[in-house]
Structure formats: C-alpha cells, structure tokens
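Sequence lines, in order, name chains A and B.
Numbering (the working numbering) for the first sequence: 65 to 260.
Numbering (the working numbering) for the second sequence: -6 to 91.
The hints are simulated quantities; they were obtained by calculation from the structure and are not laboratory data.
Keep in mind the model is a prediction, meaning the values are calculated, not measured.
One or more hints might be untrue.
Derived Cβ-Cβ restraints for the label pairs, each shown as a range [stated by the list, open to error]:
1) G228/A <-> R60/B: 46 to 56 Å
2) A9/B <-> L117/A: 44 to 54 Å
3) I23/B <-> F106/A: 26 to 36 Å
4) A2/B <-> L117/A: 45 to 55 Å
5) L161/A <-> G43/B: 29 to 39 Å
6) L24/B <-> A102/A: 23 to 33 Å
7) I209/A <-> L64/B: 27 to 37 Å
8) W86/B <-> E152/A: 45 to 55 Å
9) G43/B <-> A85/A: 44 to 54 Å
10) N123/A <-> A9/B: 32 to 42 Å
Facing chain B, from chain A, some residues (calculated, C-beta under 8 Å) [unchecked claim]:
11) P78
12) W87
13) F101
14) A102
15) A105
16) R124
17) T131
18) L132
19) V142
20) R143
21) V145
22) R155
23) M232
24) A240
25) I251
Listed next, the stretches of chain B that the computed footprint assigns to chain A, with coverage defined by at least 3 CB atoms under 8 Å from CB atoms of chain A [said to hold, decoys possible]:
26) 15 to 22
27) 38 to 45
28) 60 to 70
Just so it is clear, CB atoms sit at the ideal spot from N, CA and C, and this is done for glycine as well.
Now for the letters of each chain:
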Amino acid sequence: MTSHALTVPNSTGPRLAGDLAIWFFIMAELLAFAVFFAAYAFTRAAHVEEFNLAQQALNRNAGAINTLLLLTGSAFVVRAVQGALAGESRRAAPWMLAAIASGVAFLVVKMVEYSAAFDHGVSLSSSTFDMFYLSLTFFHFMHVILGLVILGALWLGLRAGRYGPHNMNGLESGAAYWHMVDLLWLILFPLVYVIH
Amino acid sequence: MSFTENVAAGSHGTPAGTFRLWLVLIVATILTWQLGESRGGGLLTAIILGIAMIKGAVIAFDFMALRHAPLLWRCLLGGWLVLVCSLIGLAYWKGITP
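The following block holds chain A by itself, in its conformation from the complex (with noise of 0.2 Å):
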C-alpha cells in the first residue's frame, strides 16, 4: 500500500470546515443557549412593561460596539484562515492577533458596563430583567473568555508555521467555535438591548 493511495487530493464535494468532535459541541453550545434565550423572551411576553422599562437602563450603546468589535474579530480570524490557506501561516500570525485584540476589547468595554450597572444596584435579584441580563451577558462572557484563550493558541501555532492547505483542522476548529460566539452575541444584543 502506497502513501499515493491514502492521499486524497483536492476535494471538492461537501467538507465540514474543522473537527466533527468541534462541531457536535458548538452544537450543544448553541441548544443551551438556544434555551436561554426562548426562556428570557417568554418570560417577558408575561412581564412586558417591567421588562421595557429596565432595559431602558442598559447600556445600547456599549452592546452595540460590542457587537461591532465581535464582528470585526470574526473577519480578522477569517483573514488569518484564509492566509494559512494561501501557505503564509507566519503572514497570517497578525490577523490572529488583531481578532484576539478585538475579543479583549468586547471584555474591556463589558467590564466597564457592568462595573456601572452594578454600581446602580444591579443584581442578580434586584429585578427578574436584571437576572436575565446578567446571567445571559455573563454566561457569554464566560466563552469570549475561552474563546480568547483557542485564539491565542492558534496565534502561536501560525506563528510556529504550523498551518497549511495540507494541515487545517485544528485552525478551523478553534475559528468556528469563535464564530460561534460571535453568532451568539448576534442573537443576544437584539434580544435583550434592542427589542421592546
């Protein structure tokens, strides 16, 4: 048995970008969120005026800056896949950077939210919304964090040179599950800073 047989060249049918394992647990991570959010939206349908007047006080404008430096985090992750696709993993290095930048940022500017919340006597018991909104944000909070971290090792491992076209998945693994966030955030801002 030759290595020629066991290599499989450029395929071009369906390909799932990254590990199943990864992608069975963003699935489960976005059921329970999908949870989450059902939860939220249905208890306010029974609490509208209460829920409208507390979301008054939220910070839009900080949730939708939020949502931008997610965003842009997002695109500068998919410039470092697309760069070590291209065979420049030591080229792509600073996209990488640039997103995990903009995930600190996302942190920075949460903090800075919270930190005037709760100096405004928000609390996890001080309103049914306000339980809502910190544990939703919080529970997020949580996987930029992680999130950051994947980034971070994968900004090691394009500086090393490690991704190419012939070696992928590791590298797309860690970018969807940064998406992942993202794609949640997409959801969450709406949801619980927008809509009324």
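The hints should help you fit chain B onto chain A, whose structure is shown.
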C-alpha cells in the same frame, strides 16, 4: 502512514469578499442600533429579527464556511437560526396580544 486531505483553495472565501461581508455586517449592526432608539413595536421587532437572522447566516455560512458543508450541517445551523428567531418573535407577539 498519513491520511491528509488538502483543503481546497478558496473554501474560506477571498479577502475582498470577507471585507464586503464585514461591511454589510457593520452597516446592519448600526441599523439595529439606530432602530433601538425608536419607540419599538411589532413591525420594528420583525425587522430587527430579520436583520439578526441575515447577520447570523453570514457568520454561519460564510465565516464558518458552512456554505461548503454537508447538507445536514447547513440544516442544523440554519435551522437553529430560524428556530431561535421564530421563538423570540412568537414570544414578542404573545407579549403584545391580550
């Protein structure tokens, strides 16, 4: 013995394409941001959820490269997006219907 598969060139789009998609996402976000300043209502909520669904689809199908994935995975992620936005819409409608 290695079992490696070269990833097809272009399966993650082009830099110019990514820039255009990023621009669409940014404009859509600013639109949602501004719509949030208005008084709200059913039509507005439908528009905001529609924008969220389009943005989510760009992330899933382009940035996550699901466009090139097997049908099952396109249905799973696409279905999640439709389900979540529909549930939010349904709950909103329930909240304004006596």
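Taking the hints in turn, this is what the structure says about them:
1. G228/A <-> R60/B: 46 to 56 Å: violated, 22 Å
2. A9/B <-> L117/A: 44 to 54 Å: holds, 45 Å
3. I23/B <-> F106/A: 26 to 36 Å: For I23/B and F106/A the Cβ distance comes to about 29 Å; the hint holds.
4. A2/B <-> L117/A: 45 to 55 Å: holds, 54 Å
5. L161/A <-> G43/B: 29 to 39 Å: For G43/B against L161/A, whose Cβ atoms are near 35 Å apart, the range 29 to 39 Å holds.
6. L24/B <-> A102/A: 23 to 33 Å: At 25 Å between Cβs, range holds.
7. I209/A <-> L64/B: 27 to 37 Å: holds, 34 Å
8. W86/B <-> E152/A: 45 to 55 Å: holds, 50 Å
9. G43/B <-> A85/A: 44 to 54 Å: Because 33 Å falls outside the window, the suggested range is violated.
10. N123/A <-> A9/B: 32 to 42 Å: holds, 35 Å
11. P78: holds, 4 Å
12. W87: This interface hint holds because 7 Å falls under the 8 Å limit.
13. F101: holds, 6 Å
14. A102: holds, 5 Å
15. A105: holds, 3 Å
16. R124: holds, 6 Å
17. T131: holds, 5 Å
18. L132: This hint holds: L132/A lies near chain B, its Cβ roughly 6 Å from the closest one there, short of 8 Å.
19. V142: With a minimum Cβ separation of about 5 Å from chain B (threshold 8 Å), the hint on V142/A holds.
20. R143: Where the cut-off is 8 Å and the nearest Cβ of chain B is about 6 Å from R143/A, the hint holds.
21. V145: holds, 5 Å
22. R155: Not OK, violated: R155/A not within 8 Å of chain B, min 12 Å.
23. M232: Interface hint status for M232/A: holds (4 Å vs cutoff 8 Å).
24. A240: Because about 5 Å separates A240/A from the closest Cβ in chain B, which is inside the 8 Å limit, the hint holds.
25. I251: holds, 6 Å
26. 15 to 22: holds (count 4)
27. 38 to 45: holds (count 5)
28. 60 to 70: holds (count 7)
The structure is inconsistent with the numbered hints 1, 9 and 22, although it conforms to all the rest.
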